[in-house]
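Residue numbers (the numbering used here), protein chains in the order written: chain A, 1 to 265; chain B, 1 to 341.
Calculated from the structure, these hints are not laboratory results. Only a predicted model underlies this, so the values are computations on that prediction, with no experimental measurement involved. All the given hints hold, so there is nothing to weed out.
Here are the simulated PhoX-like pairs of lysine-lysine, each with C-alpha atoms no more than 20 Å apart in a straight line: (1) B:Lys257 / A:Lys72; (2) B:Lys245 / A:Lys53; (3) B:Lys257 / A:Lys53; (4) A:Lys116 / A:Lys138; (5) B:Lys245 / B:Lys257; (6) A:Lys53 / A:Lys16; (7) A:Lys53 / A:Lys72.
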Amino acid sequence: MIRFESITKTWPDGTKALSDVTLDIPRGQFCVILGPSGAGKSTLLRAANGLMKPSTGGVVIDGTPLTAASEKQLRQRVAMIHQHFNLTTRMSVAGNVLSGLLPVVSTARALSGWFKPEQRHKACALLDRVGLSPAHLKRRAGDLSGGQQQRVGIARAFMLDPEVVLADEPVASLDPKISRDILTLIRDAARERNTTVLCSLHQVDLAREFGDRIVGMRNGRIVFDGTPAEFTDERVQGLYHGAHWEDTHETTSGEDESPRLALAA
Amino acid sequence: MTSKPIPVPARGTPLPWHLDPPYNARHLLALILAVLLLLFTGHRTEMDRMVVMSTQAVGNLLGVVDDSQVVRGLSRVAQSMWPPVIAETEEVGRLPDLNRDRLPLLAYIETQERVEQKMNLQTLQLEVTREQVEVLVQPLGYVWTVFIKMIQTLEIALWGTILSVLLSIPLAYFAARNYSPHRFTYTTARGLISLLRSAPELIVALFLVLAYGFGPIAGVLALGLHAAGFLGKFYAEDIENADTKPQEALEAIGAGKLKTLWYGVMPQVLPQYIAYTAYILDRNLRMATVIGLVGAGGIGQELKGRFDLFQYGHVMTILIAIFLFVFLLDQLSARLRAKLI
Numbered sequence: 001m002i003r004f005e006s007i008t009k010t011w012p013d014g015t016k017a018l019s020d021v022t023l024d025i026p027r028g029q030f031c032v033i034l035g036p037s038g039a040g041k042s043t044l045l046r047a048a049n050g051l052m053k054p055s056t057g058g059v060v061i062d063g064t065p066l067t068a069a070s071e072k073q074l075r076q077r078v079a080m081i082h083q084h085f086n087l088t089t090r091m092s093v094a095g096n097v098l099s100g101l102l103p104v105v106s107t108a109r110a111l112s113g114w115f116k117p118e119q120r121h122k123a124c125a126l127l128d129r130v131g132l133s134p135a136h137l138k139r140r141a142g143d144l145s146g147g148q149q150q151r152v153g154i155a156r157a158f159m160l161d162p163e164v165v166l167a168d169e170p171v172a173s174l175d176p177k178i179s180r181d182i183l184t185l186i187r188d189a190a191r192e193r194n195t196t197v198l199c200s201l202h203q204v205d206l207a208r209e210f211g212d213r214i215v216g217m218r219n220g221r222i223v224f225d226g227t228p229a230e231f232t233d234e235r236v237q238g239l240y241h242g243a244h245w246e247d248t249h250e251t252t253s254g255e256d257e258s259p260r261l262a263l264a265a
Numbered sequence: 001m002t003s004k005p006i007p008v009p010a011r012g013t014p015l016p017w018h019l020d021p022p023y024n025a026r027h028l029l030a031l032i033l034a035v036l037l038l039l040f041t042g043h044r045t046e047m048d049r050m051v052v053m054s055t056q057a058v059g060n061l062l063g064v065v066d067d068s069q070v071v072r073g074l075s076r077v078a079q080s081m082w083p084p085v086i087a088e089t090e091e092v093g094r095l096p097d098l099n100r101d102r103l104p105l106l107a108y109i110e111t112q113e114r115v116e117q118k119m120n121l122q123t124l125q126l127e128v129t130r131e132q133v134e135v136l137v138q139p140l141g142y143v144w145t146v147f148i149k150m151i152q153t154l155e156i157a158l159w160g161t162i163l164s165v166l167l168s169i170p171l172a173y174f175a176a177r178n179y180s181p182h183r184f185t186y187t188t189a190r191g192l193i194s195l196l197r198s199a200p201e202l203i204v205a206l207f208l209v210l211a212y213g214f215g216p217i218a219g220v221l222a223l224g225l226h227a228a229g230f231l232g233k234f235y236a237e238d239i240e241n242a243d244t245k246p247q248e249a250l251e252a253i254g255a256g257k258l259k260t261l262w263y264g265v266m267p268q269v270l271p272q273y274i275a276y277t278a279y280i281l282d283r284n285l286r287m288a289t290v291i292g293l294v295g296a297g298g299i300g301q302e303l304k305g306r307f308d309l310f311q312y313g314h315v316m317t318i319l320i321a322i323f324l325f326v327f328l329l330d331q332l333s334a335r336l337r338a339k340l341i
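Produce the complete structure using the sequences and hints provided.
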């Protein structure tokens, strides 16, 4: 369904965010990407809808390569759920969910806010599906709790019946109970529609619980790819504190000649 | 138990840390230069004389100093301006359409004696003639005239503000770095905004009066163009500084730029926009009273006319009216702003 073909991304300052990442995710799979901060999880996800342009390599979605020409069409089929929800906080919940339709409605309709009855009905149905109540409809998105905001984000993502959902650390700022609820919601909603999910996480237990497949990333490379059952504790250790430990952490034990203020009494 | 102090190495021990005192010779030099500049420009703008004259005036009022030019000038102005004109009188002979049975509200007809000196063409001597003339007196006539002019001034300010908002929205779109479609449109819009902002209303109005003739058109345009520069700049900067997260979310699903702006930016910056626009309205109300001086309609035009005819009583009425209006509007806009934000 979505295929990353030897993607490399080098930032202007020379750091390599991704090096030669190749990944093929079949339709309907819930694929979790795990890895320490800075491993390139977000960068990989953002390559999938063209928010990040890879230095080399490319993305193919359902047989169509992602290019400047196909980007606008493909983006409508690839929804995104964000770590910080990315809602328009001063706009109503209803407005935020309806904004998920923006690529397909006419400019006049968008600017006037006069959506078709079936579009409004769909927004309500989705809000109901994600567990919000009619009372939330006209509240400002920013007044909702984090978990509720993410529910709005999910409703927005499913407005266009996407074939792929990219979830960029969707539960990083939520507590464990709500994280589980939100991931359940994403997984179930995706299963109902046979939607492919590419979800980055940094909680190992959640990855094992929800993922059909776990992809471990480190320093811009895929270092593990398998089922949750294969993702043993040793592999977790390897992923987070593995052989490349020195690469990411500065050595602090070096000899230092300069005098320092001794704070230890 | 007493706590042990944190051990500090003895003074003079070389440290990699270094903290300078906050001021040095460069700061002192800059201060001296600034003082010199102030003294120089202060003398050129006669600030020294201003202090002397003002002190004299205060001394005169306190009875210490015998004479003060400032006090003399002010009292002369006050004498000629007092009392403010409230009523309006007009000779009945000049009002052919007057219906004596249906006079305007509060108005009455009065007979006044008019004393005129005329030259007798036969004797070539000045003769005093006394004439009985009927005049229509409207006790609050002039106050009413000023009130109407004041309303016109408000209307000029309102339309100036509407015009500036309408003009500044497209300007802001093209002047926002992250939305302007091209470098060229960005530079053009920014240039236009600077141009509009740099031209003072009074001078713009002066030229627009030449183009559109006397009256409110020039006033509305002058206020609108100048304020469009202000609003365009502020709106554009708000768009640039708006939270990028909702915009990214909409960009990710392929919503166009205009729709992203409308759904991802506008709701976030709207309170700011309202605050700026309220400020511009407030500013336009004050400016609208002034631009009439160059003939661009409103109370200012009335003021200028009366001033040129040496009718200082009328001028006083106008000044009181302006003061009252601006004061009331200040109160009103402060309340409005407190409610909106």
